[in-house]
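Student: Sequence:
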Amino acid sequence: VTGEREMELTPSALKKVADKIASLRPRVILSGAVSKMQHQVGSLFQTKKLAYYDNMNVTIANNAAQKTIARFIPDHTMLVPSSTISDEIDGENKKVVGHPGLEAFAARVSKIDPKSVKKRMNIPEAARVITFIGGYGNEYEESLNKFSEIVKSMQNKPEWNSLHIVIQLHPKMHKTSNIPEEQVSLKNIHLSRGQITTEEALSIADLSLSTGSTVTPQAACAGIPSHFVTSNPQLPFIFVEKGLCRNLQTAEEFEMILRLGDQSQQDFHKKAGIPEQSQQKIVQAIKDSLGILSSPQ
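Residues 196 to 492 (the numbering used here) are what the sequence shown spells out, left to right.
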């Protein structure tokens, strides 16, 4: 079943999905916690229900996220990726289980040879790299304009000669892009339309930036200094509010992080309250809901 988050299944489609699930006689139902359709299906069953919410940027001020979560809270056990996120969600029936995607992402990045990636992108081996992870839509374009302004202000500084920028476009932007030519024709700018993967683009990064993507906490968990850059310095990112990431607005902030490093993101997992071994914790949550005791270690 696919569709936009606010879409609902038609009565006939809902019955078809529900009948299929009922034929399996489930003792527990585990779903995502994103769409109306997921909640529609779950609400038809009286069995125990778990809903996993994997968004890493939810805040109290994010009304859309809170509205989504509120659908599931009354009759689901909410599985959430971190204690930081859990603190933002109303209700008591919650379990912090980590985020399998973060662990898998970090594992993939760790296996990449940065030297080979730099060679493919024509970046000198000794160069320092800022990777800008692309998105799409007006917010992304405004943030890219902000980033370009900062980059232009750094062009004439001595350290620029050893600094390279990789703009990793979102797949939706590979064929058509509204990026003005002057933004990618500056010295040491490399535009990737899929020549390298997101993991490869981050494997060479001394600093990772995005407009609000979950790639930011993913990269931070992989040990890469990772922050946001947006046209609106007041956007309510949970990890910015908690002091674990920044919404960078000036060249001076970029230079400080590149020069001094970023101690605030050491042990990002622990500081953000993201437990490891997330797959095992999710399995354990399912067992708990069924009353199955864990085997002795």
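Careful, some of the hints might be misleading.
What the hints assert, rightly or not - Computed cross-link-like contacts, SDA-like style, restricted to lysine to any residue with a CA-CA straight-line distance of at most 25 angstroms:
| hint | residue 1 | residue 2 |
| --- | --- | --- |
| 1 | K310 | E334 |
| 2 | K290 | I481 |
| 3 | K466 | S218 |
| 4 | K314 | L225 |
| 5 | K341 | T242 |
| 6 | K243 | L225 |
| 7 | K244 | V291 |
| 8 | K231 | T242 |
| 9 | K231 | S218 |
| 10 | K466 | L430 |
| 11 | K215 | G468 |
| 12 | K306 | K244 |
| 13 | K244 | K314 |
| 14 | K465 | E287 |
| 15 | K476 | E201 |
| 16 | K289 | Q475 |
| 17 | K437 | I481 |
| 18 | K347 | E447 |
| 19 | K231 | K306 |
To be clear, the hints were calculated from the coordinates, so they are not data collected in a lab. All values reported here derive from a predicted model rather than from experimental measurement.
Student: Work down the list of hints and note, for each, if the structure agrees.
Tutor: Okay, the hints, checked on the actual structure:
no.: 1; hint: K310 with E334; verdict: 33 angstroms, violated
no.: 2; hint: K290 with I481; verdict: 11 angstroms, holds
no.: 3; hint: K466 with S218; verdict: 44 angstroms, violated
no.: 4; hint: K314 with L225; verdict: 44 angstroms, violated
no.: 5; hint: K341 with T242; verdict: 50 angstroms, violated
no.: 6; hint: K243 with L225; verdict: 9 angstroms, holds
no.: 7; hint: K244 with V291; verdict: 16 angstroms, holds
no.: 8; hint: K231 with T242; verdict: 19 angstroms, holds
no.: 9; hint: K231 with S218; verdict: 22 angstroms, holds
no.: 10; hint: K466 with L430; verdict: 21 angstroms, holds
no.: 11; hint: K215 with G468; verdict: 37 angstroms, violated
no.: 12; hint: K306 with K244; verdict: 37 angstroms, violated
no.: 13; hint: K244 with K314; verdict: 49 angstroms, violated
no.: 14; hint: K465 with E287; verdict: 22 angstroms, holds
no.: 15; hint: K476 with E201; verdict: 29 angstroms, violated
no.: 16; hint: K289 with Q475; verdict: 17 angstroms, holds
no.: 17; hint: K437 with I481; verdict: 30 angstroms, violated
no.: 18; hint: K347 with E447; verdict: 13 angstroms, holds
no.: 19; hint: K231 with K306; verdict: 38 angstroms, violated
Against the hints set out earlier in the document, violations occur for numbers 1, 3, 4, 5, 11, 12, 13, 15, 17, 19.
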